[in-house]
Amino acid sequence: MSGNRLLLVGDNPFHSISHLSQERATSRENDLANPSHAAELVITSLENGADGFMFTVSETTLSILRIVSKNGEHNQLRLYAIVPYAYEFVRLAVLAGGVPGLAMKLAQQITFSGNFRAIANGVKGVVKADPASLLRSYLLYETYRLKSSAGKKTAIDSIMLHELVTDMALALDMEWLFETHIDFMLSHGIKPGFETRNFAYLVKKFEEWGIDFRKVGIAAPFNSLGFQMCPSREACENALARIPEAEVIAFSILAAGYLKLPDAMEYVVNSPNLNGIAVGVSKENHARETFKLLGEKL
Amino acid sequence: MKVKVAVVGLGKMGLLHASILNVLDDVKLAAVCEKSPLIRRFSKRIIPGIAVVADVKELSGAGLDAVYVTTPAPSHFPITKAIYTGGIAQNVFVEKPLASSYIEAEELCNLAISQSSITMVGYNRRFSVTFRKAKQILDEGVLGKPYFFEWYAYSSDFLGGKAESKTTSRGGILSDLGCHVVDLALWFFGQLEVESAEVESLIDAYSEDSVYFSVSTLGGLKGEFRCSWCKENYRMPDIGLVVKASNGTLKVDEDKVELKLIDGSSLLWYKHDLGDAVPFFIGGTDYLREDKFFISSIIDGCNAEPSFYTASKVEEVIDQVKKSGTGCRAR
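Line by line, the protein sequences are chains A and B. Just so we're aligned, residue 1 is where the first sequence starts under the working numbering, counting upward by one. Just so we're aligned, residue 1 is where the second sequence starts under the working numbering, counting upward by one.
By construction, these hints were calculated from the structure, which means they are not laboratory data. Where hints are given, some of them may not hold.
As the list claims (entries may be wrong) - Listed next, the in silico DSS-like pairs over lysine-lysine satisfying Cα-Cα at most 30 Å (straight line):
#1 Lys-44(B) - Lys-260(A)
#2 Lys-251(B) - Lys-283(A)
#3 Lys-81(B) - Lys-323(B)
#4 Lys-12(B) - Lys-205(A)
#5 Lys-44(B) - Lys-205(A)
#6 Lys-204(A) - Lys-153(A)
#7 Lys-12(B) - Lys-313(B)
#8 Lys-124(A) - Lys-35(B)
#9 Lys-251(B) - Lys-260(A)
#10 Lys-2(B) - Lys-81(B)
#11 Lys-133(B) - Lys-313(B)
#12 Lys-128(A) - Lys-57(B)
Note that the coordinates shown come from a computational prediction; the quantities given were computed from them, not determined experimentally.
Using the sequences and the hints given, assemble the complete structure.
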């Protein structure tokens, strides 16, 4: 922890994501998708001041997590997991012929996991057409996968719903989904979180629904450029000022590589309600320099 | 005035449009239509307050101003036809592509005209800030006279796909991703004539997985298209264009626009520089702009673009490619 700011290594480069340039993402070295190499980058970041890892739960990131967790020096590793890995779900849906095909694949995965509580919730969800039971079944399955990979000594700080789920649920007024996730995670001693690209809208909805901001974490884009801060930088900053009690983690602080780190940090320094930041790194020297600098300035 | 809308098909695109429509102030999302009993059953619980029906005919009498058709491509024609013939709504948005052939597209155009319908097809890249910037540069004549262009449309969606992969429901690479670049090319350069084409089947004997074709415009401009959904390293679909002209070269993709002039000067715009903000972000910024434009067109009683007529020209080019396509092979 740097001062009171949480510094997290983001996983976008490990999934070949560059929001600045798809061309750059496709031409990146395949090494980044290699869990051993990616784990080295995470470990280097931790050794230079990062507190933890924020990642979407996939086979790649779980492999990285297994390697990092085996390295006994990082037992205090802070973990912020995002579910589901939306890209993989969309790809599965494409290959399986749509949402029903995807549901079948997921049901198979949950069944084969042998997690009886997850299976029981899933069966209840299908029989009673109860979406909350299905969500609990899925969250049990993901929590089990995460804990198995993180090992007994590493605690999971937060499990966040992926932005596609959060933002779709916000748009469709699915209050039940937020309540279910919050209740489920709190009952398992894990902080419920939500990743969003519509921070101001989320805050407004949570206020309407009476959701206690002290209990949740929120990850959203924050940067001096206002990049992906919807509907505007000003609206997001106003919403942030209203909820000092919430744990808010900024991502896209570099506006997808458009800003230089020193400029990006100045914005974070001047935003006291941001409790943490997540930054992706793609090279060893990049990992060292980034987290050293962040540790010094924040 | 609130525009009363229904969405037909609750797959990925249906959910996306339903979400966007539900946050627009001037829209009332009144109903969704989905043929899968499983999805219908859950939809009633997941999104309460919105009617859920099994067949598009059940939307009759709902007083709808517009319907979004977001089902798999092969069903666009019968569903859109049923909306018009059943008097379900006057205005229709169809996700791309409009139909499975030019003949079907023409029939939908005629039905739309007979109903004085405001129509639109989901060629969302027209609402991308980078492609809009590129169009502006071409229209302003900064590049001089173009003499060659090359479009590409790549994804890894079916990389390693097996015979049982559901490629047919998406109608082949040209109807799936390639139609975007055909639409943009028609928008940028006008009418196209296909000169030669190669269609490659990689997944099975019937799938159209990789397509190359060359075209010319009425003004004699030459161009090429390369499309594949079995390309390595495309985590997200990517489309782009290179235009060579008398005064320089223009490159545009989903993220940036690069202009290099023969006097040695160059300019680069990322989407950050081009005013890419939207009131609500889901799945990208283009979709919200697209839906807002269609809804405003209905409220203002104006034609929307790309209309059915405009999109029918895409089908005409795709039909030409299929007719002149050679070199098919299955692995």
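Tested hints:
1. Simply put, Lys-44(B) and Lys-260(A) have alpha-carbon atoms about 48 Å apart, too far for the 30 Å limit, and the pair is violated.
2. At roughly 28 Å between alpha-carbon atoms, Lys-251(B) and Lys-283(A) fall within 30 Å of each other, so this suggested pair holds.
3. Proposed proximity of Lys-81(B) and Lys-323(B) is supported: the alpha carbons are some 26 Å apart, at most 30 Å.
4. At roughly 24 Å between alpha-carbon atoms, Lys-12(B) and Lys-205(A) fall within 30 Å of each other, so this suggested pair holds.
5. The straight-line distance between the Cα atoms of Lys-44(B) and Lys-205(A) is roughly 21 Å, inside the 30 Å bound, and the hint therefore holds.
6. Annotation: proposed proximity of Lys-204(A) to Lys-153(A) is violated, straight-line Cα distance about 37 Å (limit 30 Å).
7. Taking the CA atoms of Lys-12(B) and Lys-313(B), the gap is near 26 Å; set against the 30 Å cutoff, the hint holds.
8. A C-alpha spacing of about 23 Å is found between Lys-124(A) and Lys-35(B), which places the hinted pair at or below 30 Å, so the restraint holds.
9. Restraint check for Lys-251(B) and Lys-260(A): the C-alpha separation of about 25 Å stays at or below 30 Å, so the hint holds.
10. About 25 Å separates the Cα atoms of Lys-2(B) and Lys-81(B), which keeps this hinted pair within 30 Å; it holds.
11. Between Lys-133(B) and Lys-313(B) the alpha-carbon distance is near 23 Å, which keeps this suggested pair within the 30 Å criterion.
12. A threshold of 30 Å between alpha carbons decides the hint, and for Lys-128(A) with Lys-57(B) the separation of about 28 Å falls inside it, so the pair holds.
When the structure is compared with the earlier hints, violations turn up for hints 1 and 6 and for no others.
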